[in-house]
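Trainee: Below, each chain spelled out in residue letters.
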Amino acid sequence: MDWSLLVPEYILAGWAAMVVSLDLFWGRLRKEQLAYVAAAGALTATLVSLIWVNDSASFGNLLQVDNYTTFFRVFFGLIAFVICLASAQYVKDRLLHPGEYYALILLTVIGGTYMAAAKELLTAYISLELLSFSLYVLTSYAKFDLKSNEAGLKYMLLGAFSSAIFLYGMSLVYGVTKTTSFAGIASALSGDTSGIAFALMLGIVLMIAGLGFKVAAVPFHMWTPDAYEGAPLPITAFISAISKAAGFALFLKLFGQALLPMADDWRWIIAGLSAATMILGNLVAIQQHNIKRLLAYSSIGQAGFMLMGIAALTPHGPSDPASALLLYLVGYVITNLAAFVCVIVYYNQTGKDEIADFGGLAERAPFLALCLTIALFSLAGMPLFAGFATKFILFQTAAQQDLLWLSSIAVFMSFVSLYYYLGIIKQMYLVEPTEKARLPVPRMEYAVVAVLIVGVLLVGLYPQPLFNGVENATSALFQITQAAAAASAGL
Amino acid sequence: MDSGWLLFATIAVPLTTALIIMAIPSTYKQQVRWVATAAGFTMFVLSVIFFVLYNYKEGGLQFDLRLPWLENVAFLGKDGITLHLAVDGISVPLVLLTGIVIFCGCLISWNIKYRNKDFFILLMLLVSGVFGVFQAADLFFLFFFYELAVLPMYLLIGVWGSSTDFGTYVRTNGYGAMKLTLYLVAGSALVFIGILATFVEAGRGTFDLPVLGQVTYSETFQKTFYPFFMLGFGVLAGLWPFHTWSPDGHVAAPTAVSMLHAGVLMKLGAYGIIRVGMSLFPEGAEFWAPALLVLGTTGALYGAISAMAQRDLKYVVGYSSVSHMGYVLMGLATLNPIGVNGAVLQMFAHGVMTALFFAMVGAIYDQARVREIWTFGGLSQRMPRFVAFFAIAGLSSLGLPGLAGFIAEFNIFAGLFKTYPVFGALGILTAAITAVYILRLLAAAFFGPLNEKWAHLKEMRLLEQVAGAILIVFIVFMGVWPAPFVDRIAQSVLALPGIG
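Residue numbers (the numbering used here), protein chains in the order written: chain A, 6 to 496; chain B, -2 to 497.
To be clear, the hints were calculated from the coordinates, so they are not data collected in a lab. Hints may be right or wrong, so weigh each one.
[Said to hold, decoys possible] Taking CB as the label site, the calculated pair distances span:
#1 A:Asp407 <-> B:Tyr111: 47 to 53 angstroms
#2 A:Lys97 <-> B:Val167: 42 to 48 angstroms
#3 B:Lys110 <-> A:Phe372: 54 to 60 angstroms
[Stated by the list, open to error] In silico DSS-like pairs for lysine-lysine, Cα to Cα no more than 30 angstroms straight-line:
#4 B:Lys415 <-> A:Lys431
#5 B:Lys455 <-> B:Lys54
#6 A:Lys97 <-> A:Lys152
#7 B:Lys26 <-> B:Lys110
#8 B:Lys110 <-> A:Lys431
#9 A:Lys159 <-> A:Lys148
#10 A:Lys148 <-> A:Lys36
#11 A:Lys159 <-> A:Lys441
#12 A:Lys152 <-> A:Lys36
#13 A:Lys441 <-> B:Lys110
#14 B:Lys26 <-> A:Lys441
#15 A:Lys183 <-> A:Lys97
#16 A:Lys36 <-> A:Lys183
#17 A:Lys431 <-> B:Lys220
#18 A:Lys36 <-> A:Lys97
[Stated by the list, open to error] Among the chain B residues that face chain A by a calculated CB cut under 10 angstroms, a handful are:
#19 Glu68
#20 Phe140
#21 Phe141
#22 Thr178
Each residue gets a CB set at the ideal place from its N, CA and C atoms; glycine is no exception.
Assemble the whole structure, with the sequences as input and the hints as a guide.
Mentor: Here it is in structure tokens:
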């Protein structure tokens, strides 16, 4: 076994331990400096992981380090980097024990990465739990805030329940295929599965339910609004980014590799789930008056769009849906983080998070209002921004695979989403501010938001480079499936 | 061809200007105005250049420019998505129209004081979207720019617009902005679905319009998906019964935005029906032509009758836009060369005419702060030039020979009588109603004894006069010498499939 394949994760884990000890033993270190230390760790791990670009190596039969893994290593590393920077002020003002806070963020990245890297079911499950447990703790991190406690408890109970369901689904699939390896499952399923169809389908459905929980798909979305509302704001942003992204990384791996031969049996379930998710998420978002809850429901709606990418997978089809899904995921995460950082900056200074509180923000903090507007327009899928290009490509891919009806629902639901995003924009630009004092934006947050907005524009205006990267990642994913199919055909 | 970069420039100039204005501190209001107006003038000059340089004898798409954007990935073939710009005889007059109206719009907007920097940034975004739609020869980018043109509207109307008090209730600009945005985006959702389906059905791995145009689509497919484009684009073209955003939105908008929106943006809708719907799906167009005709005629009549009932000057113009866009749709529904020709002519004629209307309404509103027709009276004694300009717009609107409106309406009616005589008669009835409300408005508000309440009004500002004069030049130009327009348009209309 080549232990050096895991260097980025050693760095992250070591760095996490270092951050905790720094907090413990070096009392004079200013609290926000821990954020920079942690961010540096995330960045270092990201840069180191670039060593494996275009490489493909296997760590035992547990993990695969290829372009797919590298893609998510970089992606999650950068998410953690942004979150650490965005947390600095918030944690300093409102939370205790910053050391553990940042350490948990770094550990979450490890969990997420291994969800993408896993080659077999149990590794995937353990990584999923690592990610989830870090997030449960982080959600309830505001110790003296009842809402945060409630959110953490709810998230953990429902999360544990869904993990159990997921595990049960795994055990059924294992029982039928006699292997936990993804490639093994794929080749077992390539043959005749008529005799075992029921147990297998039950297993698949249960796994869909378990993963559906992670990505907040209807009807497994109940935890989302409460967890989003109760969690400390930077953690809300973190959940919305990494829980969804890692969930889809595993979703894609599991359904794009292991279960792909059965695609014709499960794609309709996912398509139905996708339709329900986007309809419910977007319609309920209209009713929200708290910005965290609104973003929670909007993220549910977005998960519905992303599920289209899974539903469009076909056994021998091209890898388009997977690429389109990853492209969409990146666009969504950048945009959502931009929106959240704006909200965090506002909350840091005012302590308010109702949508009505954003009244007249354009007068008080024009830059912040502009960036939030761009992010919201991008989420709604307006041109110039990431949302338009990525939505167009994702919807078109789904339409290519006989899912025009689903694409049509998606188009109308993004129209609905524009309505509630406009509600926030209306507050910021059309309403007179109740206070006149200008809100200064701290320099570091200014830079973070600006970089994210540039990313939003870049993906929106010229996605070709990103698309090439995404294609490299997904082709690595499908090489393995094709190899497995070829092997089973050879038998 | 190198001249393709000129087309690119018309899109790049407003976008660059938006960036430049963004860099100017917001206290430098005068500099912002100059920069915006300079950009407006550049666009105007560029659009005149296209109009003059377009070789109508050759016809077809000219000034071709292709920049690969996304290719060789996933479902896209080699030409996947290309920023393919080109103009033909139908788009060239509309590009000219856009150039004229944005230049006049910039001139008119000099008096905007409240955050004029943001205003011009959004205006520039809007106009780059409009140019993009008229020039795009790639379905993806056509839609990209189409949405881009809708995007800034909400803020433009919401922040700089004005509310209308109806006594018992108030129509706020926020309401108008939201209504307009939602209607237009709902329309574009239909277009989006149509595009998705067309791409799949064509199966060429490209969004390039000329390539998509070569594909023969099955009859069922055409009949099913033509309505998506007809209704989707139709919403923006003021298609009855989805027109109600138009009067509310245009009235709520600030002057320059009303000018651009009623003058140019509504044409995007009609243009989309021609460029996408009729070009790709001739059989679908033929099948649905009667429906389009009935809806168009209803819109024309309904708009005219509603305009008669309005007490607010701007609402009269708003409803008259619905009515005139009804003519355009009627012309398109004839599917014969002269009728479609007339429709495109009407797009231009109505564009300059309604821009002049809105500019004049803005000019009076800035001074009087009311727009109630019946409270005015005898304004011609105080503001003779204003009244003359308004009257010219009105006369063009009711189709007086020698002005642009006549040429366009004549062609449309001629086309209608060829295929649907009854609807031709209804069209003429609409023109008669137009004459009633325009002449009555002129008489009530501008002529007769001076209402002493308005004795303090002065002649409109110089810039407004300049802007109005430019618009009038084009109204008269097209009215007395329509040949340059007809030459360019007719060529391309005849090249459309299914026309004849």
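Trainee: State for each hint whether it applies.
Mentor: Here is what the structure says about each hint:
| no. | hint | result |
| --- | --- | --- |
| 1 | A:Asp407 <-> B:Tyr111: 47 to 53 angstroms | holds (52 angstroms) |
| 2 | A:Lys97 <-> B:Val167: 42 to 48 angstroms | holds (47 angstroms) |
| 3 | B:Lys110 <-> A:Phe372: 54 to 60 angstroms | violated (22 angstroms) |
| 4 | B:Lys415 <-> A:Lys431 | violated (50 angstroms) |
| 5 | B:Lys455 <-> B:Lys54 | violated (49 angstroms) |
| 6 | A:Lys97 <-> A:Lys152 | holds (19 angstroms) |
| 7 | B:Lys26 <-> B:Lys110 | holds (8 angstroms) |
| 8 | B:Lys110 <-> A:Lys431 | holds (21 angstroms) |
| 9 | A:Lys159 <-> A:Lys148 | holds (15 angstroms) |
| 10 | A:Lys148 <-> A:Lys36 | holds (18 angstroms) |
| 11 | A:Lys159 <-> A:Lys441 | violated (39 angstroms) |
| 12 | A:Lys152 <-> A:Lys36 | holds (24 angstroms) |
| 13 | A:Lys441 <-> B:Lys110 | holds (19 angstroms) |
| 14 | B:Lys26 <-> A:Lys441 | holds (22 angstroms) |
| 15 | A:Lys183 <-> A:Lys97 | violated (51 angstroms) |
| 16 | A:Lys36 <-> A:Lys183 | violated (51 angstroms) |
| 17 | A:Lys431 <-> B:Lys220 | violated (39 angstroms) |
| 18 | A:Lys36 <-> A:Lys97 | holds (6 angstroms) |
| 19 | Glu68 | holds (8 angstroms) |
| 20 | Phe140 | holds (8 angstroms) |
| 21 | Phe141 | holds (5 angstroms) |
| 22 | Thr178 | holds (7 angstroms) |
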